[in-house]
Structure formats: C-alpha cells, structure tokens
Amino acid sequence: MRTFVIIFVVLFSMMFAHSSFATGKTPKAKSFVHKVELGDVGVIESKAPTHSAAFRQSASTCFDRRLALYEKHRGVASEDVQLDIIDACANLKW
Numbered sequence: 001m002r003t004f005v006i007i008f009v010v011l012f013s014m015m016f017a018h019s020s021f022a023t024g025k026t027p028k029a030k031s032f033v034h035k036v037e038l039g040d041v042g043v044i045e046s047k048a049p050t051h052s053a054a055f056r057q058s059a060s061t062c063f064d065r066r067l068a069l070y071e072k073h074r075g076v077a078s079e080d081v082q083l084d085i086i087d088a089c090a091n092l093k094w
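Reading the sequence shown from the start, the letters are residues 1 to 94 in our numbering.
Keep in mind that the hints are not guaranteed to be accurate.
Stated by the list, open to error - Have a look at the derived ranges for each label pair, beta carbon to beta carbon:
1. Met-15 / Asn-91: 29 to 35 angstroms
2. Ser-52 / Met-14: 38 to 44 angstroms
3. Pro-49 / His-73: 34 to 40 angstroms
4. Ser-31 / Asp-64: 19 to 25 angstroms
5. Lys-28 / Thr-3: 42 to 48 angstroms
6. Thr-3 / Ser-52: 55 to 61 angstroms
To be verified - Here are the simulated DSBU-like pairs of lysine-lysine, each with C-alpha atoms no more than 35 angstroms apart in a straight line:
7. Lys-30 / Lys-47
8. Lys-28 / Lys-93
9. Lys-35 / Lys-93
10. Lys-93 / Lys-30
11. Lys-72 / Lys-35
12. Lys-28 / Lys-47
13. Lys-35 / Lys-47
14. Lys-28 / Lys-72
15. Lys-93 / Lys-72
16. Lys-72 / Lys-47
Honestly, the hints are just simulated from the structure, not real lab data.
For each residue, glycine too, the CB sits at the ideal point set by N, CA and C.
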C-alpha cells in the first residue's frame, strides 16, 4: 500500500508539473530585419523569418526600384544593364 501511495504521489506531481509547463507562454517566432540605405533608391527595410530571406527580399526590392528608376529616365533597360543592376543589388551590406 505504501508503494502505491508513493507511486501515486510521484505520478500526480509529474502530471501537475507537466500541465504547468505546458500552459506557459510559447516563444514568439523571431523575425529578422534587413535595413540598408541606398543613395539612389532610398532606404530599403525588409522583415522575414530568416536573415537570408530578409536579405533576398531587400535585394529584390533594390532591383525593382533601380530598374524602375532607370526605365523612367532612359527607357527600356537592356539585358546588360539589368545584369549590372543585379550585380549592384546582390552585393548589399549584410
């Protein structure tokens, strides 16, 4: 009988401890922010779940803005110009 009571108390305390830990706050998902200031297209700020995804999003935004700026002032961009813009936007600061 004594062994039964000890086992019951241990199992009950484990169940209580588990339920109190399970109702605790769950950690928020961390989001990374990549912010870069470029003279010609302004400030680009991107939020994403990973650092590399935020950087990729910033590079994509940089390309879109620079291409729009180029086409606004000079017309349709050639493939070589687009490749130059890609090179410039792929080498942003981490």
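Restraint status (C-alpha distance of Lys-93 to Lys-72 at most 35 angstroms): Given pair Lys-93, Lys-72 holds - Cα atoms ~26 angstroms apart, limit 35 angstroms.
Status of the given 55 to 61 angstroms range, CB of Ser-52 versus CB of Thr-3: holds (56 angstroms)
34 to 40 angstroms as the expected CB spacing between His-73 and Pro-49, which holds or is violated: holds (36 angstroms)
Proposed proximity, Lys-47 with Lys-28 (alpha carbon, max 35 angstroms): holds (15 angstroms)
Pairwise beta carbon distance, Lys-28 to Thr-3, judged against the given window 42 to 48 angstroms: holds (45 angstroms)
Hint consistency between Lys-35 and Lys-93 [alpha-carbon to alpha-carbon, up to 35 angstroms]: holds (9 angstroms)
Consistency of beta-carbon spacing, Met-14 to Ser-52, with hint 38 to 44 angstroms: holds (41 angstroms)
35 angstroms limit on alpha-carbon distance, applied to hinted pair Lys-72 and Lys-35: holds (25 angstroms)
Pair hint Lys-93 and Lys-30, alpha-carbon separation not exceeding 35 angstroms: Within the cut-off at roughly 21 angstroms; holds.
Cβ distance range 29 to 35 angstroms for Met-15 and Asn-91, holds or violated: violated (56 angstroms)
Agreement of Lys-35 and Lys-47 with the hint, judged by alpha carbon distance not exceeding 35 angstroms: holds (9 angstroms)
Beta-carbon spacing of Ser-31 to Asp-64 - inside the hinted bounds 19 to 25 angstroms or not: This hint holds: roughly 22 angstroms between Cβ atoms.
Of the numbered hints stated above, those contradicted by the structure are hints 1 and 14, listed in ascending order.
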